[in-house]
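**Student:** For the protein sequence lines, the chains are A and B, in the order given.
Count the first sequence with this note's numbering and you get residues 1 to 204, in order.
Count the second sequence with this note's numbering and you get residues 1 to 204, in order.
One thing to keep in mind: the hints can contain errors.
It does not matter which identical chain is used: a pair holds within one copy or between any two.
In silico BS3-like links for lysine-lysine, alpha-carbon gap of 25 angstroms or less [stated by the list, open to error]:
| no. | residue 1 | residue 2 |
| --- | --- | --- |
| 1 | LYS155 | LYS176 |
| 2 | LYS144 | LYS186 |
| 3 | LYS175 | LYS155 |
| 4 | LYS38 | LYS49 |
| 5 | LYS186 | LYS176 |
| 6 | LYS35 | LYS186 |
| 7 | LYS144 | LYS176 |
| 8 | LYS9 | LYS96 |
| 9 | LYS96 | LYS155 |
| 10 | LYS186 | LYS155 |
| 11 | LYS11 | LYS186 |
| 12 | LYS51 | LYS175 |
| 13 | LYS35 | LYS144 |
| 14 | LYS186 | LYS140 |
| 15 | LYS90 | LYS155 |
Derived by calculation from the structure, the hints in this document are not laboratory data.
Number of protein chains: 2
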Amino acid sequence: MGLKGETTKQKILETACNLFYLRGYNGTSIDDILKAAKVKKGNFYFHFKSKEDLGYAVIDAYAARTIPLLQETLKQDGNPLRRLFSLFRKQDGRMKASQYRGGCPCGNLALELADHHDGFRRQLDAIFDAWAREITLILKQAQKEGTLEETVNPKEMAHLIVAVLEGSTLLAKTKKSGEVYRSCVKSLESLINGSPSKRAAQIH
Amino acid sequence: MGLKGETTKQKILETACNLFYLRGYNGTSIDDILKAAKVKKGNFYFHFKSKEDLGYAVIDAYAARTIPLLQETLKQDGNPLRRLFSLFRKQDGRMKASQYRGGCPCGNLALELADHHDGFRRQLDAIFDAWAREITLILKQAQKEGTLEETVNPKEMAHLIVAVLEGSTLLAKTKKSGEVYRSCVKSLESLINGSPSKRAAQIH
């Protein structure tokens, strides 16, 4: 594919990412995408077999934005928990910049499609699992460095963190305010920080 | 309104509750509701001004199912945290019975509508706040009885609990399994139970 074709494909994909995010998959037609991207129907079908095919590509694009972010955080130096908590704050910044519209792209599509399209459901579930896997690795680093109690199950805690992020992003979107998100994240951080061994270390 | 009129209104409302829950508000037309409820258009408009009017009534109905459940739990005897945790388990039972389809009715509508309809957004936000308010009262009871640490902020913890329930219900709907929900709730319970004062009480 030439440079122009690749650019057109990218333009369709980015427009679809944005429209699916703001209006949902079912609320967006191929015509909406063509109009917003200023692309002709023939060009669309050169790059994508169907709206469904584009849906898979959009979910892949969401994964490609979020999973490497977690992977990079894992590789950085410094206190692992502090690095993890900094990600929570970045999400607050992103929501604030969008005036608490949109919420989590993957959470939105999961709620809309999990009962109606098994392919999308599996693809989204794999993303949530990939996030939890990266967070598990960060928590294991924290245990190794002695900042997280050994009795904490990193995998279970990682799923809890994903649930809190999804749930509190939903609450922030509903309230149109970041206060409740920040409160949830603060409580979560206190609970993780307040693990017995750490407190024991502070006491002794 | 006669008994027959009230029954028709109730039938429309229950059908709409179910269809909005499974297909979303935008995915359900008045005709879908009339067909499923076996009600004529004239009868519909006798009871509801519009689909929007019905939407408000549906969200009210969701509130009327969930808030009294929390209020009753608050009034019961016995360990407050145990009563609260039993509600988490009931939610798992409900999800299992529906084969992890649907998710949380309020969470679904909030994600679908919070950016597009400010009236629905406010009504749904008020429900999340009402849940958090009832949970706050349960946590305050637990603090009074010495089973929850005094340094925990009940209001912040209540919002965290709502976020965990919403987020882990979303993960269960995506995974079509209750395992991740149970894992999240178990971690949450451990964190609440593991508050310093309680551990101190166990140690001393």
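**Student:** Does each hint fit the structure? Answer for all of them.
**Tutor:** Evaluated hints:
1. LYS155 <-> LYS176: between (31 angstroms within a copy, 19 angstroms between copies)
2. LYS144 <-> LYS186: both (23 angstroms within a copy, 23 angstroms between copies)
3. LYS175 <-> LYS155: The answer is between: 16 angstroms across copies meets 25 angstroms, while 30 angstroms in one copy does not.
4. LYS38 <-> LYS49: within (18 angstroms within a copy, 39 angstroms between copies)
5. LYS186 <-> LYS176: Within one copy only: 18 angstroms inside, 30 angstroms across.
6. LYS35 <-> LYS186: neither (42 angstroms within a copy, 48 angstroms between copies)
7. LYS144 <-> LYS176: Classified as neither: same-chain Cα gap 39 angstroms, cross-chain 33 angstroms, threshold 25 angstroms.
8. LYS9 <-> LYS96: Neither: 30 angstroms inside a chain and 41 angstroms across chains, both beyond 25 angstroms.
9. LYS96 <-> LYS155: Result: close only across copies, 22 angstroms inter versus 29 angstroms intra.
10. LYS186 <-> LYS155: For LYS186 and LYS155, the Cα distance is within 25 angstroms both inside one copy (20 angstroms) and across copies (12 angstroms).
11. LYS11 <-> LYS186: Classified as neither: same-chain Cα gap 38 angstroms, cross-chain 44 angstroms, threshold 25 angstroms.
12. LYS51 <-> LYS175: between (32 angstroms within a copy, 23 angstroms between copies)
13. LYS35 <-> LYS144: Neither, since 53 angstroms and 60 angstroms both go past 25 angstroms.
14. LYS186 <-> LYS140: both (21 angstroms within a copy, 19 angstroms between copies)
15. LYS90 <-> LYS155: both (23 angstroms within a copy, 24 angstroms between copies)
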